[in-house]
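Protein chains in written order, with our numbering: chain A, 25 to 344; chain B, 4 to 300; chain C, 9 to 544.
Don't take every hint at face value.
Unchecked claim - Simulated restraints, written as ranges between beta carbons of each label pair: (1) Glu517(C) with Leu78(A): 50 to 56 Å; (2) Lys247(A) with Asp187(B): 28 to 34 Å; (3) Arg279(C) with Ala55(B): 28 to 34 Å.
As the list claims (entries may be wrong) - Every beta carbon over 12 Å from chain C, so not counted as near; a handful from chain A, in silico: (4) Arg37; (5) Phe44; (6) Leu52; (7) Thr79; (8) Leu95; (9) Val116; (10) Gly151; (11) Lys156; (12) Leu183; (13) Thr244; (14) Pro294; (15) Gly295; (16) Val304; (17) Leu307.
What the hints assert, rightly or not - Which residues of chain C face chain A? A few of them, derived with a C-beta cut under 10 Å, are: (18) Gly219; (19) Thr223; (20) Arg246.
Hints listed in this document are in silico derivations from the structure and should not be mistaken for laboratory results.
Don't be surprised by glycine CBs; every beta carbon is placed ideally from N, CA and C.
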Amino acid sequence: MSRLSFILRRLIRAFVTILFAVTVTFLLLRLMPGDPALAIASPNMTDEARALLLTQYGLDKPLFVQFGLYLGQVFQGNFGTSFTQSRPVLDVLLQRLPWTLLLTFTALTLTVIVGIPLGVLAASRRGKLLDKIVQVIGVTGQSLFVPSIGVLLLYVFGLMLGWFPIGGAYSTGTYGLDWYASVATHLVLPAVSLMLIQLGSYVLTMRATLIDALEEDYVTLAKANGLPKRRILWKHAMRNALLPTTTLIGLQLGFLVGGAVLTETVFAYPGIGRGIYEAVTQLDFPVLQGAFLLLAITVVVANMVTDIIYGFLDPRVKTS
Amino acid sequence: MTSAVDPAAPSAEPVASENERAGVATWRAFRSEPLGPISAGILLGLVFVALAAPLLAPYPASYGSDVLKAPSLQYPFGTDSLGRDLLGEIIWGTQQSLLVAVAASVIAIAIGTVMAVIGAFFRRVDSFISIIVDLTLSLPVLPLMILVAALAGPSTATIIAVIAAFSWPEVTRLVRSQALTVVDLPYVDAARLMTTSSAWIIGRHIIPAVTPVIIVSVVVTASRAVLAAAGLAFLGLGDPTTWSWGRILYEAQQSGAMSSAWWLTLFPSIAILLLVLSATLLSIAYNDASNPRNRSR
Amino acid sequence: MRKKNLLAAGALSVVLALGGCAPSAPESPGNAGGSFDDTLTVATTTDVVNYNPLIGNSRSDYWITNLMYPHLLSIADNGKKIAGLATDWGYTDETTGFYEIRDDFTWSDGTPLTAEDVAWTMNAVKNDAPSGTFYGQMANFESAEAVSETRVEIKLSQSDSTVIEELGFWGNVVPKHVFEKAETVADFPNDGKDGGWVSAGPYLLTEVQAGQSYTMERVDNYPLVDGEKPIAAKVIYRVFPDVNTEILALQSGEVDVIANALPPAQVDNLRNTEGVEVAEVVGLGYAHMTYNMSKPDLAKLEVRQALAHAVDYETIRSVVLQGQAVSTGSSPLMPVLSDYYEDSLKEYEFDTELSRKLMKDAGYTEDSNGNFPVSFRLIYSLQDSVTSQWATLVQDSAAEAGITIELQGTERNTYLAMTQEGDYDIYAGSFAIMDDPVTNFALSYLPGGVINYTYVDDPELNALIEKGMVTSDTPEKIKIMQEAAKIVHEQVYDNIMYTQNLYFAHSAEWEGFVTQPSELLSIVNPLSIASAYKVK
């Protein structure tokens, strides 16, 4: 029963967060200086189409009514019509969403796979040179500017060495197994770029929680009992350190998605991030709003899932 | 963008900085580890460059005759696609990048600290504030910044406002956890007995106690602001009338020079890296130094 | 560890979900044998917005639909119209024009392409008024009729010596039997949902991965190319939003052609790159600034002249355009239009002292800083990187003359909207093709003309232009237009800054491209793509 209520709470929380995102988007448009109509109706539209759209959004009605209308539309999946493509925003974005998900998920996986050993290394040799090196690597990683890394990787590994293709999600004209292979090779460089900037904070958190875990009483007890150091590390400390880092993954998603905007632009990767870039250059506001909302929903859902998983994994979490 | 992690923060105990000996000890610990002073040095160097820009290089002209030249004796950092000296652009760009970073982080920290302290002290407001903070933190911030910047139009004020608006929740979270610990300490209870003026208690006890966290926050938020500003400028949302590191990258990208003129990408990126790296290392060093647990080693 | 298992499960589900996005293999195998087997990959920076050539939006739209829907007329390097689908064209009397078309074109579904398609297309555009250049050319067009399988007669509402050539060049011919299903062609998306597309060649769009690639397959019968069969079996357009990535992709061999014009500063670099060749294409348009004469300051001739003399044209051409631009003598009759061009008109000299004198003559006094009490707002599109670059140079040199210019660069749609409303003092922009002087003068300088950005209404100029519109004798027409150009030049109704020659990069492994003027055609025009072959 407690498990159920736990899941329920998380669901409610996710829902509230999404509602918050919708509200923020709504308020942004209505409260920004200037004509809110600019953000809804394209200057290219005919006057009738424009007038129709504006009544739909009820710009002349009180704020509350507008908000209600807006909420209704969002929940029906109507995120507006793209200025440049004259198609529903949701259609435009849903086409791109799978690629962003693939990219961020892969980057996240890589971060975990590379980050855990590094974090362990640093924590187990705390204070020594290796630890300092890992710390500096971690901090440097956080300070990198995404497009620079992307261009660098493209140039070195794509052009000079020719190991990886340049741009796109896959090569046209590949089918079946070839297609999967093509997707994989096109994924490597963008995912590695994203990983490099996430790695820093992941490693540092891993290191910090591991250090704390190593100082816990039960570890001292285990040491006193004569258990070998490595066993203590892996069996006790690690398992407990992994839990906070699971939550960290959820939190990281928000930033990862932001990094994806810049990465997808450089690598011509057809995800939502690139959609955002193209929408920015053309001031296609409906797409920008829709992209933010869609990304927010994705991040919230992912957070909720990791929270629930955390709840199942951590025996200490029972009711709340 | 990444979430800068402060490894020591969760377990640091509040240091009552009225204690003189603690302050001196912090300074001594700080000085002993090389990383801290070096970072501080780099940071000060960058500040100097920003302030002394007019003395160091002429303001970039609107064009030059040597287009896209690689670094040489005449142009140590090379030239860009309009023949302008990259070194000059970077020196003058330091002003804008630092200005945006400092302004945005100061505003964010001001708002964030106020929210945190109020929340910690007046419990009724606390849950509301912490909900807002949590909600904002769960959202992908860069797309939101892009949306707002696109709506408002590119200008320095917009960039500062946008970054500040979405950076304060992180500050609140950090400061709030510290403030909460302090509010429960016995000496605050004692203070409550002595006076009913909340402002006095906040000003005299709580603010000093959270000051170390605030200092750390300044640096961390500022460095994140640099990355956010560069990212926005790279997308074309930066101020086109002033020179900034992000603008250099934007123009390189627009003119198709990024693929061949490696210096146009390298030097601004290094500048960004230096600023962010030194700021973050500084905050870590300060934290390590001010944490008494770390000193006994 | 359980966590790793969870991760693996997650990965698997993502992969399976992706499987839904995987394309399925086509049914027919590729062509066998010979050099007719190759695939040409073209890179473009903009995504396709719509497939209806009568509306048209982005460059990629134009390039791709051009490979499916023919034009009656094509264009030579000096702007003269040459045969395309039409073999003969002209006027039978003052208000009737005609086209004679080839009889060997068929649509890819077997239906023959006849005069009926041509007539139907034109009538549909006139009636449904889709927004675009095609409709914009139809001011004096009344109706079209197919009087035989190969002859179309055009009724005009009044005498117009340019409309037949302009319509023939700018308009595409679409298949009546496909487009008539739509209620109005102004709305018809032509997105191939109804059993694919129908093309007259040389290529047919077969597969679309939105935002990524557009695959086109050869249409075997294309009469306009040597041997009547396009060489490359497939043409794939790939979208790269970033020109840097495009260039890297070309260098690595992932794409064979970059369809958009190279940024001037990259031309030399790519010329010297191994494996890459750069083709030069004649520019048929020009870049210019116009001064909004509805504003009182700019209504004064001296002020316009002052502004014109405060621009360093040479430097702009040498630095921003890397010497790839040519002066037109500040005249709208560019050197490339060899029939019309005469060099008696000279470019406005860059002389800030002269500018100051002119301003003083106009009654303005300098203040203590040497600045005049005027400020002009110059608008330009941020997406136009070349204009964005010289706009700052213009601002700086005007400042030397004591004239303040305020730059307002905006994104393209806002820029277009502001242009339409006349919301500017100075307009800076460029036209890709200004092929026919009479048409262009009419649109640019007649009151109410669609691109009359200077808001001029000069009776003498109007009379000349209107005369040119009804004169069919070419030498006579040329004389008239040259006189008109003189007036434009003297009165500074238009400050033509340069014609830019364009450069396009392609892999050295491909040859046989046929260059045509302007970025809309360049080396990706239908004839060129159909004639290109891989060298090996």
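Results for each hint:
no.: 1; hint: Glu517(C) with Leu78(A): 50 to 56 Å; result: holds (54 Å)
no.: 2; hint: Lys247(A) with Asp187(B): 28 to 34 Å; result: holds (33 Å)
no.: 3; hint: Arg279(C) with Ala55(B): 28 to 34 Å; result: violated (42 Å)
no.: 4; hint: Arg37; result: holds (21 Å)
no.: 5; hint: Phe44; result: holds (26 Å)
no.: 6; hint: Leu52; result: holds (19 Å)
no.: 7; hint: Thr79; result: holds (21 Å)
no.: 8; hint: Leu95; result: holds (28 Å)
no.: 9; hint: Val116; result: violated (8 Å)
no.: 10; hint: Gly151; result: holds (28 Å)
no.: 11; hint: Lys156; result: holds (28 Å)
no.: 12; hint: Leu183; result: violated (5 Å)
no.: 13; hint: Thr244; result: holds (25 Å)
no.: 14; hint: Pro294; result: violated (5 Å)
no.: 15; hint: Gly295; result: violated (9 Å)
no.: 16; hint: Val304; result: violated (9 Å)
no.: 17; hint: Leu307; result: violated (5 Å)
no.: 18; hint: Gly219; result: holds (5 Å)
no.: 19; hint: Thr223; result: holds (6 Å)
no.: 20; hint: Arg246; result: holds (6 Å)
Violated hints for the displayed structure, listed by number in ascending order: 3, 9, 12, 14, 15, 16 and 17.
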